[in-house]
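K.L.:
Letter by letter, the chains look like this.
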Amino acid sequence: AQRVTQPEKLLSVFKGAPVELKCNYSYSGSPELFWYVQYSRQRLQLLLRHISRESIKGFTADLNKGETSFHLKKPFAQEEDSAMYYCALTSGGSRLTFGEGTQLTVNP
Amino acid sequence: NAGVTQTPKFRILKIGQSMTLQCAQDMNHNYMYWYRQDPGMGLKLIYYSVGAGITDKGEVPNGYNVSRSTTEDFPLRLELAAPSQTSVYFCASSGLAGARDIQYFGAGTRLSVL
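Just so you know, the protein sequences line up as chains A and B, in that order. Note that the working numbering has the first sequence beginning at 117, numbered continuously upward. Note that the working numbering has the second sequence beginning at 485, numbered continuously upward.
I should point out that these hints are in silico values taken from the structure, not numbers from a laboratory. Cβ atoms here follow ideal geometry from the backbone N, Cα and C, with glycine treated the same way. Heads up, a few of these hints could be off.
[Unchecked claim] Here are the simulated DSS-like pairs of lysine-lysine, each with C-alpha atoms no more than 25 Å apart in a straight line:
id, chain 1, residue 1, chain 2, residue 2
1, A, K131, A, K173
2, B, K493, B, K528
3, B, K528, A, K138
4, B, K528, B, K498
5, B, K541, B, K528
6, A, K125, B, K498
[As the list claims (entries may be wrong)] With the Cβ distance kept under 7 Å, some of the chain B side facing chain A (calculated, not the full set):
id, residue
7, R552
8, G579
9, A583
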């Protein structure tokens with residue numbers, strides 16, 4: 117069975133500090149991983165996915181198959197990054213499995 | 485540019501009542517999903533559909549039913565509401581690649597069962 121773990125429910129950093137949101141997964145095959153974000157009063161939306169290998173809003177995430185991780189990183193956090201972040205995984209079928217989410221707060 | 489539309493936005497039910505949460509998408513997506521979001525628990529898949537006339541159970545289907553008579557609509561039915569069904573419900577849709585594709589979410593329905 118596929119499983120996604122986000123070990124931090126809450127994460128608080130100061131503006132300008134680096135931020136890393138952790139995501140670990142368990143799946144024996146070749147998964148596809150995503151980060152979704154939910155800003156206050158907005159819909160859940162895709163932030164980035166590993167197959168695109170792109171940087172969105174300064175965020176990057178690298179798939180580490182050896183450590184089964186897909187951590188989300190940004191070198192300099194901004195106040196507008198405050199949101200709920202979900203890591204998600206699919207094995208390529210019809211289902212997406214979400215982690216429990218990390219609430220990021222960026223303090224001024 | 486509607487995307488995924490959910491109605492109602494809020495609802496309070498009494499124990500034992502029934503209701504239907506509506507979901508419609510205008511992107512001609514094959515795949516549609518229903519999730520529930522409980523605090524600290526992430527999103528759990530209730531039911532999903534890979535196309536009109538085809539539905540399947542997700543992780544937490546008990547107490548719910550769905551139908552998919554058209555590509556656009558994917559209503560979620562709650563029969564005999566229970567307090568454990570108090571949650572925020574999200575509908576989503578995605579294109580031909582299914583879960584590999586970007587999922588587009590509705591604004592959510594906040595349901596309280598008292």
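K.L.:
Taking the hints in turn, state whether each one holds.
P.N.:
These are the hints, each one checked on the structure:
1. A:K131 with A:K173: With Cα atoms ~15 Å apart, K131 (chain A) and K173 (chain A) stay inside 25 Å; holds.
2. B:K493 with B:K528: holds, 19 Å
3. B:K528 with A:K138: Holds: K528 (chain B) and K138 (chain A) sit about 20 Å apart, inside 25 Å.
4. B:K528 with B:K498: holds, 23 Å
5. B:K541 with B:K528: The hint holds at about 11 Å.
6. A:K125 with B:K498: violated, 31 Å
7. R552: Since chain A brings no Cβ nearer than about 13 Å to R552 (chain B), farther than 7 Å, the hint is violated.
8. G579: Nearest chain A Cβ about 12 Å off; hint violated.
9. A583: Holds, about 4 Å.
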